[in-house]
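> Given next are the chains, with one letter for each unit.
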Amino acid sequence: MLITFGAIAIFFAVIIVVLQLSGIKDRDFTDYAVGGRSFGARYQAMSFLNTWYPGAMFTAFGGMAASAGVISFYVLSYSLLTVVLMYLMAKPVWIWGKTFNLRTQPDLLALRFGSRHIRTIAAVVGIISGVPWLVLGMQALGTLFQHMSLGTLSFAEAVMLGVAVIALRQVWTVRMGMRGVVISDMAQGIVAYIIGSAVLIGLIVWMVLARGISFDALDQKMFAIPSVGSAEGPLYLFSLILTGAIGGWCWPYIFVRLFTADGVESLKKSAALAVPLSLIFGVALLIFGMLGSQVPGVSAHPNDVWFIVSKEAGGLWLLGLAGVIVLAASMGHTDGNIQATGAQIANDLVGNYWQLGERQLIVIAKLGMLALTILSSWLACLELPALFSLAVLAYQGIIQLAVPQFLGIFWKRGNKYGAIAGMVVGFVVAVVLELGYPGYLPWAYGLTSGAVALVVNLTIYVAMAYLIPQSQAERRRVEELFDLIEGKRSAAAVSKGVREPA
Amino acid sequence: MSDDGKTNPNNHAAWIIGWFILDAVVALAPPIYWAFDRNRTAILGLPAVVTYFVAVAVFITASIVAAYLAEARSGKAG
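Residue numbers (our numbering), protein chains in the order written: chain V, 67 to 568; chain S, 185 to 262.
A couple of the hints might just be wrong.
Straight-line Cα separation of at most 20 Å, SDA-like style, residue types lysine to any residue; simulated pairs [to be verified]:
#, chain 1, residue 1, chain 2, residue 2
1, V, K478, S, H196
2, V, K287, S, T225
3, V, K287, S, K260
4, V, K478, V, G553
5, V, K554, S, A197
6, V, K554, S, K260
7, S, K260, V, G553
The hints are simulated quantities; they were obtained by calculation from the structure and are not laboratory data.
All values derive from a computational prediction rather than experimental measurement.
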């Protein structure tokens, strides 16, 4: 226990020292919310990865590879496709962000659709949907700390310890805002995805060479993809990958990465840097999980495959390192979520209806982050049997932001009526369908509730775009926005009324 | 670098857009992944269905890296 908890303690201390040495002082709310748009490609790449892949990758997705096999690769497909979307969105989102000082995802929707109310709706959807995932992330630390205690702690005790550690870590997230998040993401990301990938590859080699494990020994069901005649339906995998790829950008803590870069080129370069790391990490993790299913003890506890195989191969030292890697990944995801939510509470909820100064916005964001940390820590210590279902429900709901977000960026038509109505109806349809048919819809060939709701949402958005044409003034305003992206107009030449009127 | 929107239109080269569309096709088109269902034939030392997913991942990765390198070289990345 001294070795495993010692490794965790040393890593935690190193992260805190890095943050303390960075000596961050935020001058204004833009500094606090998006790090003053000052980060280059390397920081951006690692920050994206550290926020995108939570610690649960090692437990939930490693476990899925160990129990269900090759279908788990869907997470890699959508994680890479989402970077393609990042590449395509980089220019419009960054330019609008810089020109209009946008600090959150709802800020962008409010600008594009000329509506302050869409800011509130998007923020409420984002914040509410994020809470179950935050709580799940905290609870996942219970698995980590139970293994680090070598089974001495009960699961409930391990969850409480995990929550205490991650809550303590939030002291620096609250104090330092986005700059603290991105700087620590670099250190945490190197541990989680570079050292993590190296350990995964080493463990694969160990399983193959020392244990003689190969794909030949795996059951045939481990190679199944839901196809025609399958229980899930032939479009199930399509639906998982599609909603995963476009849905990723609906999370406020992922989207805000587009505002933290120091330019469009940095964003594109960060995509090119992040994607090979993501490829190596994802392939290594999922192959590791599949092969790891043959290690004794894993079939009974597939979600523990990372810890079981690490301990088997390298004893307590490697188990300690495995714990540090999961903690590094968990910290990045949790910090990013809490920071983005705090910024939204200040900017999109309170600041949307009251005129607040820069210092007031920072104070409200900090209070919001503190309240969220306390709330989620408390919830994580409770037994909530419906929590995972709620999280899935939240995901199917939040991806409805995708329609106004992507069409708003890539299509000049479209208005606030279609955006709001599509999003709200899509959210309701997703929730109703998910409650009626959890997981997938048998009558829709395995499409998920969120995918079907996206079709409804899209239909409404497009129909409204044609049925309620933009006014002359609105068309001019939107033209000006797109002129900026296309380089036909400089930031200095943008009319005063381009920011949302009301 | 900074970018105030004065330079460079948002146009990506046609081959970049084409490759990105192909990314979506190979990753999402159901008939492609149906063809690999339960296929354990060894390709490059891995079962075919695993090779399919790895190949899709490499294809997408290559598209983004190639797009960035090409745009950076031609001064269109910003």
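> Give a verdict on every hint.
The hints, checked one at a time:
no. : hint              : verdict
1   : K478(V) - H196(S) : holds, 18 Å
2   : K287(V) - T225(S) : holds, 15 Å
3   : K287(V) - K260(S) : violated, 47 Å
4   : K478(V) - G553(V) : holds, 16 Å
5   : K554(V) - A197(S) : holds, 19 Å
6   : K554(V) - K260(S) : holds, 16 Å
7   : K260(S) - G553(V) : holds, 12 Å
When the structure is compared with the earlier hints, a violation turns up for hint 3 alone.
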